[in-house]
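Put the complex together from the two separate chains, hints included.
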Amino acid sequence: MNIIVCVKQVPDTTEIKIDPVKGTLIRDGVPAIMNPDDKGGLELALRLKEQHGATVTVVSMGPPQADVMLREALAMGADRAILISDRKFAGADTLATSYTLAGCIKTLDYDLIIAGRQAIDGDTAQVAPEMAEHLGLPQVTYVVDADITPEGLIVKKENEDCVQTLAVDGKCVLTVLASAFKPRYMTVAGIIDAYNREVEVWSAEKIDVDENLLGLKGSPTKVFRSFPKALKAPGEVHELSDEEAVELIFNRLKEKHII
Amino acid sequence: MDFSYSKTEQLFLQMIRSFAENEMKPLAAEVDEKEMFPYETVKKMAKLGLMGIPVPKQYGGAGGTVQMYIMAVEELSRVCATTGVILSAHTSLCMSPIMEHGTEEQKMKYLPKLASGEWLGAFGLTEPNAGTDAAMQQTTAVDAGDKWILNGTKIFITNASAADVFVVMAMTDKSKGNKGISAFIVERGFKGFSIGKHELKMGIRGSATCELVFENCEVPKENLLGNLGEGFKVAMKTLDGGRIGIASQALGIAQGAMDETVKYTKERKQFGKSISQFQNTQFQMADLKTRVEAARLLVRSAAWKKDMGLPYSADAAMAKLYAAETAMAVTTKAVQFHGGYGYTREYPVERMMRDAKITEIYEGTSEVQRMVIAAKLFK
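Heads up: the sequence lines are chains A and B, in that order.
Residue numbering for the first sequence follows our numbering, beginning at 1179 and increasing consecutively.
Residue numbering for the second sequence follows our numbering, beginning at 15 and increasing consecutively.
No lab work stands behind these hints: they were computed from the structure.
Errors might be hidden in some of the hints.
[What the hints assert, rightly or not] Only pairs whose alpha carbons sit at most 25 Å apart, straight line, appear in this in silico SDA-like list of lysine to any residue:
#1 K58(B) - D1257(A)
#2 K277(B) - A1210(A)
#3 K303(B) - K1360(A)
#4 K251(B) - P126(B)
#5 K1349(A) - D1325(A)
#6 K1360(A) - A1210(A)
#7 K1384(A) - P1241(A)
#8 K1195(A) - I289(B)
With the rest of the complex left out, here is chain B (with noise of 0.2 Å):
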């Protein structure tokens, strides 16, 4: 057994730690002060080939693993959970489900260009009525002979206003339930689609979350994804690979916790030594940094049985559900340890926490991933 990461790997982590440090840090408070969506940033990383990274060569992308895009996210998310989000919408929302279910032609016309960034993904799942209970759509789908009518409404959708291309949910047969369900690739220019209200949110603020709006929208019948009444399954494959990306931004964000919380407790003084001297912060942080690897292991391991082609579901959601669970902690610890000043927007300990919380929610919630274990754990 190999925990160590590979030469490719380390090369890589050299460049998009810099990347991160250089291109993203300096702008990361101010994604989120501005809920401002990384235009320049995302353009920067389109050319380094950042975006589509688990892309098979000969669809434009790097032909790279599956565990060095959720390095990329971890590294992105370090110190700007807004773009770390963004890119792990749209590699594992939107590239994966096209590649994993898509015909030829899809792939061809689809991922080239979005490997290179030149367009942005996203993921219309989630309805008003229709949240953990996926089931229930209420968007439908209407065979119009050479085309498909969709009509509904999609909400909280991560990059939904930057983004040039959507996977989404439709019911084509109500009767049937989940197996009536059907997945579309929807072209931002099709008639009938508009972006709808842009949410104001806690945390990850620039990741431009919108609702999607379908009035009689016409999608022309060769944009199914998959076979007619499977998009349910293609949905839940697809949050099962989008849980990973989602673990690795909540890791991200508890390391760079981590991170600023070292750097000021031994800078900070108080009763004549820096905090970091005091046991109670020892012991507390040992725990806590005790807790970010265990939540990298259970990501890493996670990520290399997709890259393996082994069944990872309940493996993704053991690495999302900790990994969440850890971010909060650590962003909640990191806050205290900071004191006054981690309350203010001076520290990004602040932002941090706000960023957090988001990662027990999206991409199904810590309570669905207990679901998902259990059932795995009980079948």
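Chain A on its own, in the form it takes in the complex (with noise of 0.2 Å):
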């Protein structure tokens, strides 16, 4: 079995401070790290692999610098790490980035495609369901346990008040949780061979793609303007006892038309 799994380098947004003068993230000095939903996604690839067997390739999209986080999926366990990297890519947002890894993945063989849910930078929770539609495959979202069966591949997906549980038929997308893969750590002698083995760079002439749909001119989105959160108004303490605390909380909410 081949199983692809999608990685994104990302900000470590835990360690993410605001300019207060003007407004915008500091990235300096912010150190890059492999996006934990992604993380649980090759987590929940190897998991797979030393159960039954398969050969894990992962894939990300990214600058040069993204080496790096690949070398250490291969640390954790990874078979073979592809890097699509070509300044033609700048610029995309979440449709130009999903063609782009849709049209490397078209010239890979596989079986199953495990992605993070959603990177931890953007937030947007697109890349891969849109990445599903150019690949014309079905997808299951909030992945939070996958296992292959004689019946085919089991899959449980988190909604807001249930756990389901689905059976696929064929290929498909999975996006997972981070919460639900505890990732392994590297291993010593992963982290002495990662930076002997290859790491692929693959460019735009690699892929199968049409060059018109990548980068900014494959980018609909506009951004109009990003601002950073406004402050709230500060809190107040009131010192009272459970019953005023309650008393006080319920006016409160009843004010503000809430209840």
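Take a look at the structure:
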């Protein structure tokens, strides 16, 4: 079985600070990490590999610096790593990104595609579902468990109020939640090997795409304005008994017509 | 000259830091409080290949460098010095002498199981009457034809009650003094071998420090490690390497105490501002930070020499001397900066100060390190 895992390198948003004057993100010195949901996806792929045998290929679209993240994926146990990197991809929105990834994946032999639900820098949760559409594949999002059984791929999907169990027939795209798949650590031997192995770097020519649909040209999304979240008014502190506290909250909610 | 971490080392640091932070830090206080050997942590370390970092691949190790191994000891000790010394004793004191002095058969028999972490290693040199004067060995090994018969007691043995394999020194010919000492590989299950008293210690309380007792202990002939009468040499060489490990442990403790103190002094407010804003805090912390960085350079340079196959005996002694004294200075100040809270077990600096002290004592006291350095200087 061949499993493809899509991964993205993102700034570690827990370390990000906002420039108090300009109101923009300070990205300098912020470590770049493998997007947590994607890492969960890689963990799922590696578990399936251990249980059933599989070749796991990680694919990322990004700048050359994403190399280190792919080395990490190799050190965790991935078999092959492909970085699709080209200036022509610059400025891609989710549509162009998903189109580019699909164009790469089309050229590969695969049985299952796993991606993270969303990236912590953009939080769109659009890329993998759009990619499934480009590839004409069914998709299951918000996956918290998956296993290969004689009946086929059985997937658990988290909904707001329940967990749905689905059986998937044939090739598909899964998007997974980091919280469901605690990723393994890289092994020492994997780390030592990581830089002796190859991270394949593919340009636009190597993948199956129409160049007019790449990067900024292929991106209908227009950013109107970006701004930091406005600060809320500071809270109030009341020293009250339980009953008084309930009363106060109740009245406030009523004042605001929430209840 | 390149002082930076290689790409491989950076990836390794990323892994080991997150392992220490997520898997070990939450347990460190309990390991200390309950004198608990962290079996579960060691099992997890084994799974990642951390128990065999510098062991060549053909013997089941990860094929890494001494540099990577000491980085691991530092990062583990930064959150839990007990776990740091468990790795150090296992790697430097048990696997290293087998790698460096063992026959091919010994290496094939012991290294794969040690490097995979299936077996844990320990080392026995110190005796009640043979501390710094290690040549006063009273444990004897008598040639009984097809085997060696060992009698005696070793004390203060790190990992003892958790270990499976021990590199042990014993006197094979008393008349020859130092040159009458030989090294042996002893397995836990050998007849006549047992674990004695468990020591109650000031710090590194989870490291399973016990006596080893040999009562007509039968050791197979082929378990002599190195040549007959060369045990003292094996021990001294082993300790040279071990000192880089302990230096890293000390460095890790110092770094851990720095981390805690930076965090605390930024949060703690007195007289209307964070105590990190007082110049006394800043100047003292600047001095400590400088010492920690200097120690790190000494440690890395000693490890680099060992990796390059260059002589490193005095370098290891300098690294250990300086890093141990730095650990003691930093942790003592760290407790002071934490004030009353620092003296309680609510904050980890109290444990770190107790843990730091041993680094000035074991694998050669600071006085022994000065002897080694001076011997090289005036030779």
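Status of each hint after checking the structure:
{"no.": "1", "hint": "K58(B) - D1257(A)", "in the structure": "23 Å, holds"}
{"no.": "2", "hint": "K277(B) - A1210(A)", "in the structure": "23 Å, holds"}
{"no.": "3", "hint": "K303(B) - K1360(A)", "in the structure": "35 Å, violated"}
{"no.": "4", "hint": "K251(B) - P126(B)", "in the structure": "22 Å, holds"}
{"no.": "5", "hint": "K1349(A) - D1325(A)", "in the structure": "14 Å, holds"}
{"no.": "6", "hint": "K1360(A) - A1210(A)", "in the structure": "19 Å, holds"}
{"no.": "7", "hint": "K1384(A) - P1241(A)", "in the structure": "16 Å, holds"}
{"no.": "8", "hint": "K1195(A) - I289(B)", "in the structure": "23 Å, holds"}
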